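K.L.:
Its first residue numbered 5, the sequence shown is counted upward by one per residue in our numbering.
Errors might be hidden in some of the hints.
In silico DSS-like cross-links for lysine-lysine, where the CA-CA straight-line distance does not exceed 25 Å [to be verified]:
1) K285 / K237
2) K199 / K317
3) K10 / K285
4) K270 / K213
5) K159 / K247
6) K270 / K285
7) K199 / K115
8) K270 / K19
Here are the simulated distance ranges between beta carbons [as the list claims (entries may be wrong)]:
9) E312 / K6: 39 to 45 Å
10) K6 / G271: 48 to 54 Å
11) K220 / Q296: 21 to 27 Å
12) E136 / E387: 46 to 52 Å
13) G321 / E224: 19 to 25 Å
14) D426 / E366: 41 to 47 Å
Just so you know, the hints here were simulated from the structure itself, not pulled from any lab data. Since we're looking at a predicted model, the values are computed, not measured. All C-beta atoms in this analysis are idealised placements derived from N, C-alpha and C, irrespective of residue type, glycine included.
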Amino acid sequence: MKLLIKGGTVYRNGKFMESDVLIDNGMLILAEEFDIDVEETFDATGMHILPGFIDPHVHLREPGLEYKETIKTGTQAAAKGGYTSVFAMPNTRPATDSVSALKEQLRRIEKDGCVHVYPYCAITKGQTGQGEVVDIESARDYTFAFSDDGKGVQKEETMREAMERVREVNGLIAAHCEDESLLHGGYVHEGEWAKEHGYEGISSESEYKQVERDLKLALETGCQYHVCHVSCKESVELIRKYKKLGANVSAEVTPHHLLLCDEDIKGDDGNFKMNPPLRTKEDRDALIAGLQDQTLEIIATDHAPHSEEEKSKGLAGSAMGIVGLETAFGLLYTNLVKKNVITFAQLVDAMSYNCANIFGIEGGELEPYQSANLVVVDTVRRERINRQKFVSKGKNSPFDGWYVNGIPMLTVCDGKVVYRRDKQ
Numbered sequence: 005m006k007l008l009i010k011g012g013t014v015y016r017n018g019k020f021m022e023s024d025v026l027i028d029n030g031m032l033i034l035a036e037e038f039d040i041d042v043e044e045t046f047d048a049t050g051m052h053i054l055p056g057f058i059d060p061h062v063h064l065r066e067p068g069l070e071y072k073e074t075i076k077t078g079t080q081a082a083a084k085g086g087y088t089s090v091f092a093m094p095n096t097r098p099a100t101d102s103v104s105a106l107k108e109q110l111r112r113i114e115k116d117g118c119v120h121v122y123p124y125c126a127i128t129k130g131q132t133g134q135g136e137v138v139d140i141e142s143a144r145d146y147t148f149a150f151s152d153d154g155k156g157v158q159k160e161e162t163m164r165e166a167m168e169r170v171r172e173v174n175g176l177i178a179a180h181c182e183d184e185s186l187l188h189g190g191y192v193h194e195g196e197w198a199k200e201h202g203y204e205g206i207s208s209e210s211e212y213k214q215v216e217r218d219l220k221l222a223l224e225t226g227c228q229y230h231v232c233h234v235s236c237k238e239s240v241e242l243i244r245k246y247k248k249l250g251a252n253v254s255a256e257v258t259p260h261h262l263l264l265c266d267e268d269i270k271g272d273d274g275n276f277k278m279n280p281p282l283r284t285k286e287d288r289d290a291l292i293a294g295l296q297d298q299t300l301e302i303i304a305t306d307h308a309p310h311s312e313e314e315k316s317k318g319l320a321g322s323a324m325g326i327v328g329l330e331t332a333f334g335l336l337y338t339n340l341v342k343k344n345v346i347t348f349a350q351l352v353d354a355m356s357y358n359c360a361n362i363f364g365i366e367g368g369e370l371e372p373y374q375s376a377n378l379v380v381v382d383t384v385r386r387e388r389i390n391r392q393k394f395v396s397k398g399k400n401s402p403f404d405g406w407y408v409n410g411i412p413m414l415t416v417c418d419g420k421v422v423y424r425r426d427k428q
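Put together the whole structure using the sequences plus the hints.
P.N.:
Okay, here's the thing in structure tokens:
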């Protein structure tokens with residue numbers, strides 16, 4: 005099939021340029037003008053043509069938790085949001101912690117996924133955060149990425165063993181950092197806001213103490229190490245410090261931690277409950293500074309769908325997590341780029357190129373005569389977020405009702421149109 009995308013502004017090699025884009029037999033071709041016969045034309049006048057977004061932190065829930073999300077609905081939500089690659093966390097039922105589980109995941113992805121999906125393997129058996137390390141060497145034939153996300157690896161000796169073994173097979177560890185001995189039943193950030201409202205808090209220390217432990221281990225072992233969903237100022241400073249010391253470390257931040265703080269929580273609403281929690285304005289500002297100087301190179305959604313019932317029990321009783329694939333770009337473009345917090349190029353790199361480069365996967369750039377993975381976004385169009393219109397099974401978002409510019413209009417994965425707004 006030949007698809008011509010006409011009149012858009014292409015982001016390539018760190019610059020924006022006017023160019024038409026031809027997708028021919030799955031390959032991407034750039035030119036100022038094409039005079040050929042095509043089967044389909046997409047008018048991108050006034051729009052931007054960007055590399056397909058890449059999210060290293062998504063919960064697809066399948067197998068075992070299909071009432072929350074499936075590979076089909078999750079990847080459809082990703083395509084709608086402009087993503088062409090996502091990494092699926094292993095907190096399935098059973099946990100993705102073995103070769104057989106990875107094979108089953110890959111079979112389901114091949115059957116139902118409409119964008120690229122890279123499955124993580126758990127670090128510990130059963131993804132418990134403690135106990136025996138999985139068979140990393142065998143799992144490496146099916147994935148390069150290991151995580152216990154949702155659980156912090158509790159024992160230093162367990163994480164050291166995992167790092168040493170992952171380093172030997174040239175893999176990557178993506179860590180949810182949380183010292184469970186410091187939690188004390190909390191469910192929002194431990195600070196003045198929690199005290200004023202009578203809520204139990206989660207300390208920043210429960211995150212940054214384990215970040216510090218892991219950074220020391222990463223420096224010691226040489227393992228490639230990625231910090232998931234950084235939320236507090238101390239973690240940012242530690243990551244900055246250990247990068248200067250030479251640790252092979254990267255880090256991600258979520259849209260909700262960049263745009264919200266604990267003072268933004270409205271009432272006893274479970275849609276504002278996530279782990280790590282929304283922290284203080286000072287923490288949020290430190291995260292933005294970390295994004296600006298690339299201490300935090302990647303923006304990841306931590307897309308975590310739950311049922312309406314699971315999110316209806318207030319801050320104390322609701323499940324932790326929010327969805328983000330369908331809202332991330334618009335929220336970030338509107339609230340960071342339009343307000344001159346970061347540049348448009350910085351946003352695109354944080355949502356695409358940086359992850360591809362750090363995780364060592366294809367995509368992240370629009371390269372002529374390579375497989376076409378792209379999104380066309382309309383940065384002028386303004387819409388109101390309506391969670392009831394989400395493709396994801398999860399409707400749990402604190403951004404319901406927000407107005408955003410930056411609407412994905414067309415998503416192409418490996419040359420195939422996987423989402424087109426004007427046909428929805």
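K.L.:
Can you tell me whether the CB distance of E136 to E387 sits inside 46 to 52 Å?
P.N.:
holds (48 Å)
K.L.:
Hint says 19 to 25 Å; check whether the CB-CB distance for G321 and E224 agrees.
P.N.:
Since G321 and E224 have Cβ atoms about 41 Å apart, the given range 19 to 25 Å is violated.
K.L.:
Can you let me know if the beta-carbon spacing of K220 and Q296 is within 21 to 27 Å?
P.N.:
holds (26 Å)
K.L.:
Quick check: does the Cβ-Cβ distance between K6 and G271 fall within 48 to 54 Å?
P.N.:
Taking Cβ atoms as reference, K6 and G271 lie about 53 Å apart, which means the hint holds.
K.L.:
Falls inside 39 to 45 Å, the C-beta gap from E312 to K6?
P.N.:
Distance hint for E312, K6 holds at roughly 43 Å.
K.L.:
Do the alpha carbons of K10 and K285 lie within 25 Å of each other, as the hint requires?
P.N.:
The hint is violated at about 43 Å.
K.L.:
For the pair supplied as a hint, K270 and K213, is the alpha-carbon distance within the 25 Å limit?
P.N.:
violated (29 Å)
K.L.:
Quickly compare the C-alpha distance for K159 and K247 to 25 Å and report which way the hint goes.
P.N.:
holds (23 Å)
K.L.:
Is K270 close enough to K285, meaning Cα to Cα at most 25 Å?
P.N.:
Holds - the C-alpha atoms of K285 and K270 are around 16 Å apart, at most 25 Å.
K.L.:
Is the Cα-Cα distance between K270 and K19 25 Å or less?
P.N.:
Outside the cut-off at roughly 40 Å; violated.
K.L.:
Holds or violated: K199 and K115, Cα atoms, limit 25 Å.
P.N.:
Violated, because 49 Å separates the two Cα atoms, which is more than 25 Å.
K.L.:
Okay, D426 versus E366 on CB: inside 41 to 47 Å?
P.N.:
At roughly 28 Å between Cβ atoms, E366 and D426 fall outside 41 to 47 Å, so the hint is violated.
Checked against the numbered hints given earlier, this structure breaks hints 3, 4, 7, 8, 13, 14; the rest are met.
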